[in-house]
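Chemist: With these hints in hand, go ahead and build the complete structure from the sequences.
Given next are the chains, with one letter for each unit.
2 protein chains.
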Amino acid sequence: MSDELLHFEDFKIGQKFSFGRYEVTREEIFEFAREYDPQPHHLDEDAAKNSIMKGLGASGWHVCAMAMRMLVDGLFNKSAGAGGAGCEDARWLKPVRPGDVLRTEVEVLEKTAPRSKPDIGFVKMRWDIFNQTDLVASFISTPLFKRRKRGT
Amino acid sequence: MSDELLHFEDFKIGQKFSFGRYEVTREEIFEFAREYDPQPHHLDEDAAKNSIMKGLGASGWHVCAMAMRMLVDGLFNKSAGAGGAGCEDARWLKPVRPGDVLRTEVEVLEKTAPRSKPDIGFVKMRWDIFNQTDLVASFISTPLFKRRKRGT
Numbered sequence: 001m002s003d004e005l006l007h008f009e010d011f012k013i014g015q016k017f018s019f020g021r022y023e024v025t026r027e028e029i030f031e032f033a034r035e036y037d038p039q040p041h042h043l044d045e046d047a048a049k050n051s052i053m054k055g056l057g058a059s060g061w062h063v064c065a066m067a068m069r070m071l072v073d074g075l076f077n078k079s080a081g082a083g084g085a086g087c088e089d090a091r092w093l094k095p096v097r098p099g100d101v102l103r104t105e106v107e108v109l110e111k112t113a114p115r116s117k118p119d120i121g122f123v124k125m126r127w128d129i130f131n132q133t134d135l136v137a138s139f140i141s142t143p144l145f146k147r148r149k150r151g152t
Numbered sequence: 153m154s155d156e157l158l159h160f161e162d163f164k165i166g167q168k169f170s171f172g173r174y175e176v177t178r179e180e181i182f183e184f185a186r187e188y189d190p191q192p193h194h195l196d197e198d199a200a201k202n203s204i205m206k207g208l209g210a211s212g213w214h215v216c217a218m219a220m221r222m223l224v225d226g227l228f229n230k231s232a233g234a235g236g237a238g239c240e241d242a243r244w245l246k247p248v249r250p251g252d253v254l255r256t257e258v259e260v261l262e263k264t265a266p267r268s269k270p271d272i273g274f275v276k277m278r279w280d281i282f283n284q285t286d287l288v289a290s291f292i293s294t295p296l297f298k299r300r301k302r303g304t
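So the protein lines, in turn, are chains A and B. Going by my numbering, the first sequence opens with residue 1, and the numbers climb by one from there. Going by my numbering, the second sequence opens with residue 153, and the numbers climb by one from there.
Since the hints were derived computationally from the structure, they do not count as laboratory data. Beta carbons: idealized from backbone N, C-alpha and C, even for Gly. Incorrect hints may have been included.
With a straight-line Cα cutoff of 25 Å, these simulated DMTMM-like cross-link-like pairs (lysine to aspartate or glutamate) come out [to be verified]:
id : chain 1 : residue 1 : chain 2 : residue 2
1  : A       : 49        : B       : 241
2  : A       : 16        : B       : 241
3  : B       : 230       : A       : 46
4  : B       : 201       : A       : 4
5  : B       : 276       : A       : 128
6  : B       : 298       : A       : 46
7  : B       : 246       : A       : 35
8  : A       : 149       : A       : 10
In silico contact screen, one side only, chain B against chain A (beta carbon under 10 Å); selected entries [as the list claims (entries may be wrong)]:
id : residue
9  : 184
10 : 189
11 : 242
12 : 285
13 : 286
Modeler: Laid out in structure tokens, this is it:
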């Protein structure tokens, strides 16, 4: 494993990163919705106008997936990452529309180096997903990273 | 809005539903991963063998998206649904492999009819996603449904 990759020790509590930009197209909103979330407000302009979204918007799961893509490109594929086990408290705050350009800002909240797993550590992070003007979604995840030095 | 659709009043605390089956293919795991989670353990058999997944497995976000598809087909598109605002405590417990057949079991945990929103109510649900033999993922969500009778 290359030393140039980010390891558990390289993350600092309070550290912030910004990833993106990710341009959201109508075609991609439709494509994801047809496959995974075929509700009218993600697939039909007129139905969407009369929905809680007040216009066509991406599936919330699609928003999380786009954020993931930004972090894989910008962080995880440059890290000695070891996977993730879940996500807490995902909030879909505002609709994500065709033409929006997203970015994801991440802050390191906590680090845990368990005694039972001396090769890895957990890095708890808050993900805030913005469009041009507003926070549109957020969640917390705790991915695993390999340690440079084996813990005791 | 047709009365045949499920409304807020039709859900009972403790009620259980089962949705699926959903056949997971290698091609679909690759397709989702190329678009949204291009980490080696979702895209490369050899890299996956040496990862925490010990073999090729679907992105956790893909697992959530497949569960969503099962619920849209089986529940939300048969309901007077009004959207959702997030997801709590998603856990990716076991790898989802090519050839797995998934189902999603849902239990109604709580119902909330807010005074401030007399047309809708919140139905908190736990989603448990199983393969042939094991629980592979779970999360909690609180979708909105329209009320048959306007609350006071």
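Chemist: Does each hint hold? Answer for all of them.
Modeler: Now for the hints, and whether the structure bears them out:
1. Proximity of residue 49(A) to residue 241(B) is assessed by CA-CA distance (about 31 Å); at most 25 Å being required, the pair is judged violated.
2. Distance restraint check for residue 16(A) and residue 241(B): the Cα-Cα separation of roughly 23 Å lies within the 25 Å cut-off, and the hinted pair is therefore satisfied.
3. For the hint pairing residue 230(B) with residue 46(A), the CA-to-CA distance comes to about 19 Å; that is within 25 Å, so the pair holds.
4. Among the hinted pairs, residue 201(B) with residue 4(A) is consistent with the structure: their alpha-carbon atoms are about 23 Å apart, no more than 25 Å.
5. Taken as a hint, the residue 276(B) and residue 128(A) pair is honoured in the structure, with Cα atoms around 24 Å apart against an allowance of 25 Å.
6. Under the criterion of a C-alpha separation no larger than 25 Å, the hint pairing residue 298(B) with residue 46(A) is consistent with the structure, at around 19 Å.
7. For the suggested pair residue 246(B) and residue 35(A), the alpha carbons sit about 23 Å apart, so the restraint of at most 25 Å is met.
8. Pair hint residue 149(A) plus residue 10(A) holds up; C-alpha atoms about 12 Å apart against a cutoff of 25 Å.
9. For the restraint placing residue 184(B) at the interface with chain A, the shortest Cβ-Cβ distance is roughly 8 Å, inside the 10 Å limit, so the hint holds.
10. Among the interface hints, the one on residue 189(B) holds; its C-beta lies about 5 Å from the nearest C-beta in chain A, closer than the 10 Å criterion.
11. This hint holds: residue 242(B) has a C-beta 4 Å from the nearest C-beta of chain A, less than the 10 Å allowed.
12. With a least beta-carbon distance of about 20 Å to chain A, the hint placing residue 285(B) at the interface is violated under the 10 Å criterion.
13. Interface restraint check: residue 286(B) against chain A, minimum CB-CB distance 15 Å, threshold 10 Å, status violated.
Violation of the numbered hints given earlier is confined to hints 1, 12 and 13; the remaining hints are satisfied by the structure.
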